[in-house]
Each structure stands twice: as structure tokens, then as C-alpha cells.
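Protein chains in written order, with the working numbering: chain A, 62 to 617; chain B, 6 to 170.
Derived from the structure by calculation, the hints contain no laboratory data. There's no promise every hint is true.
[Stated by the list, open to error] Distance condition first, Cα-Cα at most 16 Å in a straight line; then the derived EDC-like pairs of lysine to aspartate or glutamate:
1) B:K168 - B:D100
2) B:K72 - A:E243
3) B:K72 - A:D242
4) B:K168 - B:E43
5) B:K145 - B:E80
6) A:K244 - A:E261
7) B:K68 - A:E176
8) A:K263 - A:D385
9) A:K257 - A:E393
10) A:K244 - A:D385
11) A:K458 - A:D436
12) B:K72 - A:D362
Here is what each chain is made of, one letter per residue.
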Amino acid sequence: MKISGARIIMETLIEQGVDVVFGYPGGQVINIFDELYRYQDRIHHVLTAHEQGASHAADGYARATGKVGVVIATSGPGATNLVTGIATAHLDSVPLVAITGNVPCSLIGRDSFQEVDIMGVTMPITKHNFIVKDVTKLADTLRLAFRIAKSGRPGPVLIDIPKDVQVNTCEYSPEPAVQADEKPVASDEKLLAVAKLLGEAKRPYIYCGGGVLTASATQEVLKLAQKLDAPIGCSMMGISAIPTSHPLFLGMQGMHGHYASSMAEHEADLILAVGARFSDRATGNTKKFAPNAKIVHIDIDGAELQKNVPVYLGIEGDIKDAVDRLAEMVSEQTLPEWQERIRELREIEKTAPQSGKTLTPYRIIDIMSEITDEDTIVTTDVGQHQMWTAQRYPFEKPRTFLSSGGLGTMGFGMGAAIGAQMATGRRVVLVTGDGSFGMNLNELATAVTNRIPMVIVIMNNGVLGMVRQWQTLFFQKHYSNTTLARQTDFVKLAEAFGAVGMRAADPKAFEEAFRMAFTMDGPVVIDCLIDEDEFVLPMLPPGGSMDDVITEIKEE
Amino acid sequence: MERHVIAVLVANVSGVLSRVSGMFTRRGFNIDSLTVGETESSDFSRITVSFHGDSAVQEQVVKQLAKLHDVKEVEVLRPEETVSRELLLVKVKNDSETRQDILAAANVYRAKIIDYSLEALCCEITGETSKVEAFIELMKPFGILEMCRTGLVALERGCNCLKTK
Numbered sequence: 062m063k064i065s066g067a068r069i070i071m072e073t074l075i076e077q078g079v080d081v082v083f084g085y086p087g088g089q090v091i092n093i094f095d096e097l098y099r100y101q102d103r104i105h106h107v108l109t110a111h112e113q114g115a116s117h118a119a120d121g122y123a124r125a126t127g128k129v130g131v132v133i134a135t136s137g138p139g140a141t142n143l144v145t146g147i148a149t150a151h152l153d154s155v156p157l158v159a160i161t162g163n164v165p166c167s168l169i170g171r172d173s174f175q176e177v178d179i180m181g182v183t184m185p186i187t188k189h190n191f192i193v194k195d196v197t198k199l200a201d202t203l204r205l206a207f208r209i210a211k212s213g214r215p216g217p218v219l220i221d222i223p224k225d226v227q228v229n230t231c232e233y234s235p236e237p238a239v240q241a242d243e244k245p246v247a248s249d250e251k252l253l254a255v256a257k258l259l260g261e262a263k264r265p266y267i268y269c270g271g272g273v274l275t276a277s278a279t280q281e282v283l284k285l286a287q288k289l290d291a292p293i294g295c296s297m298m299g300i301s302a303i304p305t306s307h308p309l310f311l312g313m314q315g316m317h318g319h320y321a322s323s324m325a326e327h328e329a330d331l332i333l334a335v336g337a338r339f340s341d342r343a344t345g346n347t348k349k350f351a352p353n354a355k356i357v358h359i360d361i362d363g364a365e366l367q368k369n370v371p372v373y374l375g376i377e378g379d380i381k382d383a384v385d386r387l388a389e390m391v392s393e394q395t396l397p398e399w400q401e402r403i404r405e406l407r408e409i410e411k412t413a414p415q416s417g418k419t420l421t422p423y424r425i426i427d428i429m430s431e432i433t434d435e436d437t438i439v440t441t442d443v444g445q446h447q448m449w450t451a452q453r454y455p456f457e458k459p460r461t462f463l464s465s466g467g468l469g470t471m472g473f474g475m476g477a478a479i480g481a482q483m484a485t486g487r488r489v490v491l492v493t494g495d496g497s498f499g500m501n502l503n504e505l506a507t508a509v510t511n512r513i514p515m516v517i518v519i520m521n522n523g524v525l526g527m528v529r530q531w532q533t534l535f536f537q538k539h540y541s542n543t544t545l546a547r548q549t550d551f552v553k554l555a556e557a558f559g560a561v562g563m564r565a566a567d568p569k570a571f572e573e574a575f576r577m578a579f580t581m582d583g584p585v586v587i588d589c590l591i592d593e594d595e596f597v598l599p600m601l602p603p604g605g606s607m608d609d610v611i612t613e614i615k616e617e
Numbered sequence: 006m007e008r009h010v011i012a013v014l015v016a017n018v019s020g021v022l023s024r025v026s027g028m029f030t031r032r033g034f035n036i037d038s039l040t041v042g043e044t045e046s047s048d049f050s051r052i053t054v055s056f057h058g059d060s061a062v063q064e065q066v067v068k069q070l071a072k073l074h075d076v077k078e079v080e081v082l083r084p085e086e087t088v089s090r091e092l093l094l095v096k097v098k099n100d101s102e103t104r105q106d107i108l109a110a111a112n113v114y115r116a117k118i119i120d121y122s123l124e125a126l127c128c129e130i131t132g133e134t135s136k137v138e139a140f141i142e143l144m145k146p147f148g149i150l151e152m153c154r155t156g157l158v159a160l161e162r163g164c165n166c167l168k169t170k
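Pulled out of the complex, with its shape left as it was, chain B reads as follows:
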């Protein structure tokens, strides 16, 4: 089961997120992450969905999404032709014994420390999913208090753009 990432350009209208996410639920496809935001035009939002499945699942996801009236374009983003990022905020237990190790790790991963208190410190890291997940693994032994991920955003490399026809 591979991971697939697709970009979906949708009309920026109420209910559109329910329609898109509902299609996944209804047909038994599992979403790994879903992000949504307005595009350069306020008429459209762009949704990035990552999910796992074989090629038949990917084909059905794309076709079923394309059938929705509010969906204007769907594109499969192939890993080799795509730049992708996600952002993680992670709050880690802060004590005098581990502090230096956490800061060193954060430095190597180019994570930013965005909040600091005597009991906890909060790191922000941006990168591809694999980097974010590696950083989470690294933080686990220090004691993750809570964390929050944005999910994936992705654009195709080069000048190709997802536009309505």
C-alpha cells in the first residue's frame, strides 16, 4: 500500500469540505491527512489529501472526487515531481537534565523553539513528512506533552499549476 498525495481544487463554498471528506468515509478510503485553505482566488480553495491504498484505490479516489459538483480539478502529485511540507508544533517536557539534548536535536533538525517555560518547551519544525516523523521519534524519549501537525501541503515542481479549465 503506497501513500498517495492528491491536490483538489474546489469551489470556496460552504459544505465543500464535508463533501470531500464524506466521499472518503462513504467509500471506505482512509485519509492520512487533509489540509484546506483559500487559493490566490477567493472563489477557490485547495485541498491536499494524503491517503494509503493500491493503484485501484487511487484511481477511484480521483474519479469519485472529480464527480463532485464543487470539485473543479483533481491532480495526483507524484513524489518525484512534488515539493511537500508539513508543520509540527511539539511541546516537550523541559528539565535541566534533558534541556541541552533537546536544544541540540532541535538545532540539527533546524526546528525553532517558539515557547519556553520552566516545565516545557515548544518546538516548531517544517519539512517533509519523513523529517517531521523522525523529529517526533527523537522527542519521544524526552516526554512529549502534546503535539499538533498541520498535515501535508504540496505543490508540483516547475511551472505546472492546478487551474480550473
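Excised from the complex, chain A in its bound form:
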């Protein structure tokens, strides 16, 4: 039987196992939304306040589960509103399929109403993209989009579907869900060479990136680390891959990483990087990065090898399989001298000065973590609050920390929290700042409508704290446009949206508020008043290495 393009989209989504999509209707997707109406018992469409929120929600859905997230938007501004969300997913290797409508084929190229060349716009920020001009190619293109999104190193794929293609009909026959392509396999020869290097190393350090989460390789990495007696650190994207409580885990390294973790990496004689990409925020100045270390790099994306830092040995392959085989190849050993040094570094880290204020960012996170459980998903926006959360919150289970790493998208967390909650049914916490929250707080409406059990913790310091920190340290305290001086009352704002709002100025009030919020079944905003001069420390100054690390701020 012949069916319309719009219906083919529904059928193909169902084929691929999709039951939740995020989006926003518009003129050139009206046919798709008409089918969503008919298919509402099988595909739940979550209407957001803005397409950007929908794109982050699809991203959060994907990050929390590993499944492909789907977002639908109309042509023109609907499509361009997805751009930040698609770029966010691209930089963090998140599998996403974005479906946009476009003007009918006959109107393309005439600057028609709400026409934009979204394929051209998104070419550099997608893994691949398509425009489908023939309805007979629609189902296969959608299938291919899913396959590309989830194969190898995952990423976003956009499909632009002109309105006439949604209306036109053709034969359709269902197919099973597409499988990801075969993963590249690391060669035995290279792994044996790595095993030898690891056996000879006196100060090995395992550096985990987001690839460990994508590959579900937690157990394999732990097995290897335990046999080697090697400490483990991670990039921000690698957070939650290794349980914080694990004795070999030192936490995030890099620009705002744990002192012990970054220092151990700096002093290491061998770094085994697993599914990480040596971003500038993770390495600081690459010329001074880990000066004594041979770097061995395993990644599913061969193009990452030798891209940002020269590596001694680069291996393209599936991490889970490669690390598992590597763990079989190495002999069990202990490294008492190296572990002694790690203990010293941890001691130095522990004695780092804390601000004397009462409601400090760390205090907020500590209270939160007493009330949340291991399954609670924590999303963040971008800035100081993000770093404090990354440093301090004790993540124990994979995919419980969702944050925009590569693109650093302020406003990511609100949508991501909604998507993650929809995907898992679990309660979510968004830790945000007053600046970031201002970017996409409109999605509070979505959270209220869908009764999303989420707690929004705003670390409200009235300033754009991360930029302010740089201005304090490197720009002679010229607080150019970072003092917000807004009169927004977040409690009233929450209430105006139909959510619950609370305010906390001290630890006790915060604990009470958070405890209560954690029992409610809709969104709760907690406005936490913190000092504008809290710093994120340690900090690598721009162009610096761990030799230049800033661990305390001397008051003038």
C-alpha cells in the first residue's frame, strides 16, 4: 500500500525503536505533526518552548541512555534554532537524528518564506546530513541516518525533508532496526606493544574520556587499572565512567581538574588515553603537557590519534574490546612508590583552602549528594557551577553526569534534564547558574506541562562567574558586562511558570529546600544565594601547564 512521506517518517521511527521525540510544529512540518497526532499512542512527542530546548532534550535523552535522540523542527527559524543543539551533540559525540521540514522542492532556492539551506548550515556540525527530494528514498535515508548516528564514534545527523516529499506517496515495507557498523578492532601486535610499555612504566596514568561511557567500558578499564595498580583520571566528558569512590580514581584532570589527578598526569611516565581527545581544556599548553610521559592513545576514531598531541603509539579500535584484551595481556603488579606519591598529591589537594562563606558551592553539592542517590542524573549548564559539580559531586554510575563539554553551551542543562528524565523515568537535578539559567529558562514551561520531577539548583551569584574569574585574574578586575544587576526573582518566576520556587541563603535552608524538592513530582527551582567572588580552583592559566597551576587566590 502506498503511504505518504509523513507517514513513512512515523513508520521508520517506529522501526528504529523510537518512542519519544522532541520538537516544535510549524508550517513546513504540519504533515509530520498530523501523523504524530495519529501515532500518538506509539510515538510520544514532547513539545518544548523553543527548538533549541528540543534539541538539547533529544541530546539529554541520548546521553542518558546511549540510544539515538530524535528532534523535529520546521524550516527556516525552526531549523536554525536547532543549530546550537546539533553543534553541542557533535562536539560531544552524541547520537542524534534531527528532522527538519523545508519548503516544497519547487520553491527551494527562491528565498521562499521560512526557507533556509539547513543542509549547508549544518554541514560542519553534523556527522552527515541529507536533503530528501524523492519520497521513494525517504525510508532508506532515515534508516541510513540512524545507522550513521550510532556507528563508530556517534554523532548528529540531520535530514531535511521538503513539504512535498512529506505529502507524496510511495510503497513502504517495514525493515528491522538498523545495526551500528562493525567497530574497528585494535590489532594484537599494537596491543602487545602497549602491554609491554605498561609493564615497564613506573608511573602509569589512565586517562578516560567520554568514549569509555559510549563504549560501556567501565569494567574493562577498572580491571586494567587494578592489575597495573595505576591511577585513573578523566576528562570532563569521562565523568561518571569510573565510580568516584573507587580507590584508584583521582577525578577529572585538566584546566579545573583535581590537583592530584592533573599532577599525577603531569608526573606520569606513561599515559594511556582511552576514548579521550586531548581537548585544550584538558591539556593546557600541549607543548608543556605531561613532559615525561609516553602517550598511548586508543580511540574508535582514528582521526583523533595525533590530532591534538603527538602520541607515541596510537591505536584505532573499539575501546571495550581493546582494553579488555589489554587487561588480559598485562601482568598483575603493584607500584608502591607511585601510589605513595599519589597519596601525597591527594593530601596536598585535601588541604587546599576553602572559602569561609556559609553557603559555598561545594557545600551545596555536598548537601545535594547526601540526599540524591546513585541513579540520580545530574545535568549542568556551563560556567563555574559546571566545574564545581564536575569536581565535587560523587558520581558513581555511568551516564549520570550530563554536561556540554566540547561546545560549552550555556542553557544546555534545562533541555538535557527534561530529555534524560523522559528517557529514564528517574528524578533529575539541574545545577545551573543565574546566567546560564537565563538562556533557556523558558523550558520550565515544558517541565511543568510534563510534570518532570526535577530540581533546579541555581547557584545565584548575580554575575557571570567564570568570565568574572578571568577578569579578576587576568583583566585587572575590569568587570565588563559580567555583573548582571538583574532584578529577576527566581522564586516568583518559578511560580509564574507553575513550578515551585524556593530560596536558600544558608546550608540549613538549602538542605530543607532540597529535601522537600526531592519528594515532589514536578519541577522545583531553588535559588541559592552564593558569593560573587567564589573561584573555581585549581586553575591552569591560559597557555600554562601544571607547573603554573593556581591553587589559591591571595586577597589584596
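Starting from the structure of chain A, add chain B where the hints point.
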């Protein structure tokens, strides 16, 4: 900084040239020349790109291109194992004083005169980049009115062929 030449076999679909050239722009690699045309199969086009950079740049260019979905094969063409040509059309000022010199130069370089008028003559020359560039230098004193180069096309010597696996 050496010159590198790579051959890229791509799906013959719309947008593929943007994807390939966009990768160079986005990652800050500079293209010296790029040529594209359909292959013996209309399903594929072949792109020849020449660019400058160190060996790390070359490695990244090859790997990043290979990641593009529409790119089927990428091969580095090493100068000693490659035959390469480009074509130049150059329009030179024609006057009675210089005419004989231009024609003599064209003859030595085996360039063809493909258009002739009282004010200008147009030469066509095919060869490796160095020959083409030498000819341009030679024509400069006569007054180049305009010129157009195809950029490099290249194939590996012997029977090795760039085919999709």
C-alpha cells in the same frame, strides 16, 4: 612545508564538493588546487587536491576526509609514483615587437596557440605544475592579460587504481 597531492574518490552526489572543501576551511588547511570530475562510473567523482603542510597536516587531511560519509577512498599520491598534469590558458599581449619571442617560447614549451587577434594571443599549455609555472614566468614580461589554470589532475603510475573496496 611540503606539497602534498591526494586523490579522493567520492560519491557523485550533490553537496559532496562543499563537504570536502568545507573540511579544509573548517580545520584551517589551505588548498593550493582542487579539481573534480566524474570517473569511469557515474556513481563516483574523483577529486585531486594539492595542499601544503607538514606530515602531521597531511595525516589529518587524509583521516578527516576519510571520515566523511560521501568519501569512499583517499590516497596520498607520492611524487615519484605519480603522473600529474595541469592545463593553463594564458592570454598575452600581442604586438609586432614581442610576437616572435612569444611564439618561440611557446614552441619550446610545446604550448599551442589557440586564439590569435591583433591585440592578444592565447596559449594553451599542459604539463606538471613546475612547467606551467615556468611558462607563466616567461610570459609575464610580455604582459599577461588574463589566465586560467585547471589545477592538478594526477594518477598513480603502473596498474594501481583507486577503487572502492
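Results for each hint:
In summary, the hint linking B:K168 to B:D100 is not supported, as the alpha carbons are separated by about 50 Å, beyond the 16 Å threshold. For the proposed pair B:K72 and A:E243, the alpha carbon gap of about 15 Å is at most 16 Å, so the pair holds. For the hint linking B:K72 to A:D242, the alpha-carbon distance of about 14 Å falls within 16 Å, and the restraint holds. Our distance criterion of 16 Å between C-alpha atoms is met by B:K168 and B:E43, whose separation comes to about 13 Å.
Proximity of B:K145 to B:E80 is assessed by CA-CA distance (about 35 Å); at most 16 Å being required, the pair is judged violated. For the given pair, A:K244 sits about 29 Å from A:E261 by alpha-carbon distance, which is inconsistent with the 16 Å threshold. A hinted pair counts as satisfied when its Cα atoms are at most 16 Å apart, and B:K68 with A:E176 does not qualify at roughly 34 Å. The hinted pair formed by A:K263 and A:D385 fails the criterion: a straight-line CA distance of about 21 Å is larger than 16 Å.
With a C-alpha separation of about 13 Å, the suggested pair A:K257 and A:E393 falls inside the 16 Å cut-off, and the hint holds. A C-alpha spacing of about 15 Å is found between A:K244 and A:D385, which places the hinted pair at or below 16 Å, so the restraint holds. Distance check on the hinted pair: A:K458 and A:D436 sit about 7 Å apart at the alpha-carbon level, within 16 Å; holds. The straight-line distance between the Cα atoms of B:K72 and A:D362 is roughly 9 Å, inside the 16 Å bound, and the hint therefore holds.
In this structure, the earlier hints numbered 1, 5, 6, 7 and 8 are contradicted, and the remaining ones agree with it.
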